[in-house]
Amino acid sequence: MLEIDNLTKTYADGLQALRGCSLTVPGAEVVAVIGPSGAGKSTFIRCINRLVTPTGGSIRLDGTELTALGERGLRGVRRHIGMIFQEYNLIERLTVMENVLAGRLGAVSFMQALLRRFPQADVDRAFELLARVGLEGYENSRADALSGGQRQRVGIARALMQEPRLLLVDEPTSSLDPKVARSILALICELASELGIPALINIHDVGLALRFARRVIGLSAGEIVFDGAPAEVDEAALSRIYGADDWRDAFRQEGEEDRHVAGEGMAS
Amino acid sequence: MSTMIREGAAPMPRPWHRYSARERLARFAAWLVAVAVIAWSATTLDIYWPFVLDAPEQVADLAGRMVPPDWPFFLQIIDPMVETLNIATLGTILGAVLSVPVALMAAQNTTPNQTTLWLARVIVVGSRSVNELVWALIFAVVFGPGATAGMVAIGVSSVGFISKLIAEGIEEIDDGQVDAINATGAGRGQVLIYGVLPQVMPTIIGVLTFRWDINIRQSSIIGLVGAGGIGITLSNQMDSFAWDNVSVILIAIFAVVMASEWVSAALRRRVT
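These protein sequence lines map, in sequence, to chains A and B.
Numbering of the first sequence is given in numbering that gives the first Met the number 0, commencing with residue 0 and proceeding in unit increments.
Numbering of the second sequence is given in numbering that gives the first Met the number 0, commencing with residue 0 and proceeding in unit increments.
Be careful, since some hints might not be right.
[As the list claims (entries may be wrong)] Here are the simulated distance ranges between beta carbons:
| id | chain 1 | residue 1 | chain 2 | residue 2 | range |
| --- | --- | --- | --- | --- | --- |
| 1 | A | Gly-13 | B | Leu-118 | 51 to 57 Å |
| 2 | A | Asp-4 | B | Pro-111 | 31 to 37 Å |
| 3 | B | Ala-265 | A | Glu-64 | 54 to 60 Å |
| 4 | A | Phe-109 | B | Trp-261 | 36 to 42 Å |
| 5 | B | Val-140 | A | Met-110 | 35 to 41 Å |
| 6 | A | Glu-162 | B | Asp-174 | 24 to 30 Å |
| 7 | B | Asn-112 | A | Gly-75 | 57 to 63 Å |
| 8 | B | Thr-115 | A | Arg-210 | 23 to 29 Å |
| 9 | A | Phe-126 | B | Val-140 | 57 to 63 Å |
| 10 | A | Asn-139 | B | Leu-74 | 48 to 54 Å |
| 11 | A | Ser-108 | B | Asp-174 | 23 to 29 Å |
| 12 | B | Val-140 | A | Asn-139 | 50 to 56 Å |
| 13 | B | His-16 | A | Gly-13 | 43 to 49 Å |
| 14 | A | Phe-109 | B | Asp-174 | 51 to 57 Å |
[Unchecked claim] From the structure, some residues in chain A lie toward chain B, with a derived Cβ separation under 10 Å:
| id | residue |
| --- | --- |
| 15 | Leu-22 |
| 16 | Gly-75 |
| 17 | Arg-92 |
| 18 | Gly-102 |
| 19 | Leu-145 |
| 20 | Ser-146 |
What the hints contain is simulated information worked out from the structure, not anything from laboratory work.
Predicted model, so just to flag it, every value in this text is computed and none were measured.
Beta carbons are placed, not taken as given, at the ideal position from N, Cα and C, and that holds for glycine.
Just need the whole structure built from these sequences, with the hints factored in.
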């Protein structure tokens, strides 16, 4: 159970990325977060595992308050929050297996990580996950030798390797072509429901969001302006999220080759 | 009204100058200063012109004594040459080990705080501003003359170069990969070896082989101040005016430096 209450984030340059967002995800549920570029989607998701430090508000995961944690406590919680990134963020010069096993770094010692001597149980599970995401036989390929879709599959396997209690997914499909994007998103949703964990997915492609999510959150200028089922996302809702004129553009992106909207203003 | 485009009239001249009058004046002043500096330097050097004019004769004389080289002497310099290579190699390794913490402190994105950043910069500048020969003199006093002093001198004088360049490599890494490792709950050390090190590896290997190459050159002269290697032999032969032996040593140094340059270039090509 993820409970976010009145979350705010103001960057050092004065930019108010989040202005009091509250959200409760009671159980296993795929939640899509949609909104225009610069609405604060990336900041919102990164505040949860504190890659971005929130300015105010509270975040509780299964009852643990995350905003007050010290370094050690934070590492303990991050161990159980899997994250999937837009640019995959694999360690490019390492092999697929090393990348997947990176998901266990929170559970092994420094020397084990240095010498790459992971427990056999972890190696077994990594092989299982690689097969599950369709990358059997790729364990010794270097990450930079893979295609975009394959890299994102490695990213998914790495996140699942953590045995996560929550999945954070930041624009998983923006760097992929539409067909691959759909299969990647389908895989993420499938695995989330298999594991029975909530997944928070930032996505600017409304069509994909409506197709795969069970719940849609609309962010606009740092505020949650919509929260409901995909079926409730109508013209009125979209113009609330994207502004009266712009929502059609947001929709039209579906099926287009280039999914990059102007640079993610608040990405980091 | 139509004065500008009147038919048949000559076009208005449009003067163009690369520099404005003010800039021309400034440039002239800069030239004057440059000439003054050169003139001043030359006068303070107090050059003794008869010696300068005499130089070609001296060169011819020295060349006459250096040629032909005394080739059999080569057998006697194999040991000091090997020692030179070993000083360079071990010195580079020592420098690399000492550079690890310095490089991490000198990079903006891995340094713990502003104090460590400042400290690392002092170390880098300190190591680089003191010449190898001076380090060798210092360590020859500390360890006594010999190869140990040479190795430590080479190591310490390499720290600035190695850690500065590796720190620059660390500052250029992709933060996204580091974010991803942080997000797994990895500890600080694990983030370094898993998120940072693989990205900097090509830089590290390139910098180390390059520095090894430089160190071979350095270790061949530090013997001049008693820090081991071929330099000691060179200095002895020069002191006893055995110029045909000196030429053998110079040829050997030249060959070894050429070879090391080739090896380090080949190594760098393989990793990048």
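Check each numbered hint from earlier against the structure, then list the numbers of those it violates in ascending order.
1, 7, 8, 14, 15, 19, 20
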